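> Each chain is listed here by its residues.
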Amino acid sequence: MTMSTKQQDAQVGTRLTDEDILVEVRNIKKYFPIKGGVLQKTVGQLKAVDDVSFSIKKGETLGIVGESGSGKSTLGRVLIRLLEPTDGQLIFDNKDITTLRQRLIRPIREDMQMVFQDPFASLNSKMSVEQLIEEPLLVQGNLAKKDRKQKVLAVLQKVGLRKDDLQKYPHEFSGGQRQRISIARALVLNPKFVICDEPVSALDVSIQAQVLNLMKDLQEDLGLTYLFIAHDLSVVKHISDRVAVMYLGRFAEIAPKRSLYDNPLHPYTQALLSSIPVIDLSGEQARGKEKIKLSGDLPSPASPPSGCTFRTRCPKAHDRCTIDRPELIEIDEGHFVACHLYDRS
Amino acid sequence: MQTLNEQDINADGHVNGSMRKHRSPFQLSLRRFLKNKLAIVGMIVFFIIVASAVFAPLLTEHDPKAHNLLKVEQKPSSEHILGTDSSGRDNFARLLYGARVSLTIGISTMVFTVFLGLVFGTLSGYYGGKVDSIIMRITDLFLALPFLVLALTIIALLKKVTVGLFVVIIAVTSWPTLSRIIRGTFLSLREQEFVLGARVIGASDFRIIFRHFLPNAIGPIIVNATLLMAAMIIVESGLSFIGMGIPQPTPTWGNMISEAQGLRILRYHPEAWIPPGLAILLTVLSINFIGDGLRDAFDPKSDRR
Numbered sequence: 001m002t003m004s005t006k007q008q009d010a011q012v013g014t015r016l017t018d019e020d021i022l023v024e025v026r027n028i029k030k031y032f033p034i035k036g037g038v039l040q041k042t043v044g045q046l047k048a049v050d051d052v053s054f055s056i057k058k059g060e061t062l063g064i065v066g067e068s069g070s071g072k073s074t075l076g077r078v079l080i081r082l083l084e085p086t087d088g089q090l091i092f093d094n095k096d097i098t099t100l101r102q103r104l105i106r107p108i109r110e111d112m113q114m115v116f117q118d119p120f121a122s123l124n125s126k127m128s129v130e131q132l133i134e135e136p137l138l139v140q141g142n143l144a145k146k147d148r149k150q151k152v153l154a155v156l157q158k159v160g161l162r163k164d165d166l167q168k169y170p171h172e173f174s175g176g177q178r179q180r181i182s183i184a185r186a187l188v189l190n191p192k193f194v195i196c197d198e199p200v201s202a203l204d205v206s207i208q209a210q211v212l213n214l215m216k217d218l219q220e221d222l223g224l225t226y227l228f229i230a231h232d233l234s235v236v237k238h239i240s241d242r243v244a245v246m247y248l249g250r251f252a253e254i255a256p257k258r259s260l261y262d263n264p265l266h267p268y269t270q271a272l273l274s275s276i277p278v279i280d281l282s283g284e285q286a287r288g289k290e291k292i293k294l295s296g297d298l299p300s301p302a303s304p305p306s307g308c309t310f311r312t313r314c315p316k317a318h319d320r321c322t323i324d325r326p327e328l329i330e331i332d333e334g335h336f337v338a339c340h341l342y343d344r345s
Numbered sequence: 001m002q003t004l005n006e007q008d009i010n011a012d013g014h015v016n017g018s019m020r021k022h023r024s025p026f027q028l029s030l031r032r033f034l035k036n037k038l039a040i041v042g043m044i045v046f047f048i049i050v051a052s053a054v055f056a057p058l059l060t061e062h063d064p065k066a067h068n069l070l071k072v073e074q075k076p077s078s079e080h081i082l083g084t085d086s087s088g089r090d091n092f093a094r095l096l097y098g099a100r101v102s103l104t105i106g107i108s109t110m111v112f113t114v115f116l117g118l119v120f121g122t123l124s125g126y127y128g129g130k131v132d133s134i135i136m137r138i139t140d141l142f143l144a145l146p147f148l149v150l151a152l153t154i155i156a157l158l159k160k161v162t163v164g165l166f167v168v169i170i171a172v173t174s175w176p177t178l179s180r181i182i183r184g185t186f187l188s189l190r191e192q193e194f195v196l197g198a199r200v201i202g203a204s205d206f207r208i209i210f211r212h213f214l215p216n217a218i219g220p221i222i223v224n225a226t227l228l229m230a231a232m233i234i235v236e237s238g239l240s241f242i243g244m245g246i247p248q249p250t251p252t253w254g255n256m257i258s259e260a261q262g263l264r265i266l267r268y269h270p271e272a273w274i275p276p277g278l279a280i281l282l283t284v285l286s287i288n289f290i291g292d293g294l295r296d297a298f299d300p301k302s303d304r305r
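Residue numbers (UniProt numbering), protein chains in the order written: chain A, 1 to 345; chain B, 1 to 305.
Bear in mind the hints are in silico, worked out from the structure with no lab data behind them.
Computed from a predicted structure; not experimentally measured.
For glycine and all other residues, C-beta sits at the position ideal for the given N, C-alpha and C.
There may be inaccurate statements among the hints.
To be verified - Keeping only pairs whose Cα atoms sit at most 25 Å apart, straight-line, the calculated DMTMM-like set for lysine to aspartate or glutamate is: (1) B/Lys71 / B/Glu271; (2) B/Lys130 / A/Asp87; (3) A/Lys35 / B/Asp132; (4) A/Lys126 / B/Glu193.
Stated by the list, open to error - What follows is a list of derived Cβ distance ranges for each label pair: (5) A/Ile34 / B/Phe206: 32 to 40 Å; (6) A/Asp164 / B/Leu145: 51 to 59 Å; (7) A/Arg101 / B/Leu30: 37 to 45 Å; (8) A/Ile323 / B/Asp299: 50 to 58 Å; (9) A/Lys149 / B/Phe206: 22 to 30 Å; (10) B/Ala51 / A/Leu100: 53 to 61 Å; (11) B/Val41 / A/Pro277: 53 to 61 Å; (12) B/Leu143 / A/Arg101: 33 to 41 Å; (13) B/Arg23 / A/Arg101: 18 to 26 Å; (14) A/Arg101 / B/Phe26: 35 to 43 Å; (15) B/Leu28 / A/Ala209: 28 to 36 Å.
As the list claims (entries may be wrong) - Non-contacting residues of chain A with respect to chain B, defined by C-beta distances greater than 12 Å in every case (computed): (16) Thr98; (17) Leu153; (18) Ser174; (19) Leu214; (20) Asp217; (21) Arg258; (22) Asn263; (23) Ser303; (24) Ile331.
Could you build the full structure based on these sequences and the hints that come with them?
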């Protein structure tokens, strides 16, 4: 494959100058080998992330939504190099980090952090809050003990915990508070970019809002850039500037938040949006909108349907969808969709 | 007095309110362990056995290795509390000094086995892949051969077995079981989010193993180590009983019981073989109770009561 076509593909999603862009993902793929047989030969490939490109501006939040198994978490983990990409290019802060060795990745982790989904599994239960938040500083920096303690205390207060929480252990906290500890742990290194892998989906709805608002405030204070992964469209709407909808390892649609929520183009996005329950006592809104129900399950990423991967569940599928795989095309300013319905060529 | 008490309560109330002492998971485990009556009884019994082994010279003036062919197979008397054996050695002294050997073997075999098991289990469970395959095939090799047969073969090949050598033989033949347990624990930990989290902050392998894996695997390791120790004491007695363990005249409990292979002693001198038998029983039982207590303490969910 020639370089020029790769770069052309990479333009999809944004038209920005290099200085503005913090993260750029070009044609990233992550295939997991499926082993079988007596000799454990590779008999197939599970395409968890299949050719995804996007970029994120400094200070921006890109939300990624998709159902379980759509590859959104894998994408996040590839981005932070917890998983090795099968193909493609990752550019972070104008540095190509795709093939950096683990040893050289370490210093970059200072600028790139992650908040995990399950606040009950993501904190080592044998460490006190102080040890937990201090650990990144121990690993990365060469700060004196006094400075470390100071930083820990500062970030602790930033995420809304108190000084006497320092000596406590994770089992003494609720889910929301634990997620605050996770956030503090991620932020203590002053990263530029934070990948949030469903940080609120394990929390109660009332706590979700608190944590989301905290993350928003922190973004403003510290100039953070987020990649926000979620399966909940309303959560993503609350925090994102742009939203990408992922289906079976590929982007179905990527657009600025307003544009996506007001004018969803892809049938999958339309179905997702219509499934958000609306509390509307007068019933006016409900009458105007009809619910699109999707039948069936997500097909296996090990043997995705030919052509458009969504065609098996798409209410508007036609002949071409079985043959051609739709590429992302720009319909509106910054609004890209991968659907043959909008392809006028 | 009355006012003092009230003050105490107030102070307590204050302490409880804002600056309550925060207990680490380890401290919580310790508290659960201390509440387990059976485990505490086990601890006390084990402590008494250890103390009598350590202070053996204070409890008897007889030399456990000094034989006196003029005083063979004597009945208990004020001089020889448990009589003498077929070589005229004092049974009580041998019981006490035997505890030293048996416990030393139990503890040092356990330590050595745990060390080997930890090294190989960690390499296997943490790095996975080829390293894992190779180590696991080696453990398969060991596990495929019956432990006792393997140990007996090695002992038979060696001319003279000393305590140190015995420990090495037993440890080398029994680490695979433990390393499998540790590997399994590590494999399950490897996919936990907090380990991924440690990787994300850029922690080194060394740090991940020692700060994240081991503290979370310490429960199963300690529990298996204690149970292993009890098993090792039995193994030593068993091998000594059939004459393949520590050779005479070194006193061990197994050596003492092997005296009872003669029908005469079995029949007419129960005082020679019942005490070492009881000693083994009590030691192994108390260690097992401690091990069970530790299991319940580290993993409250396993509590079956």
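> Any hints from earlier that this structure breaks? Give me their numbers in increasing order, please.
Hint 13 alone not satisfied by this model.
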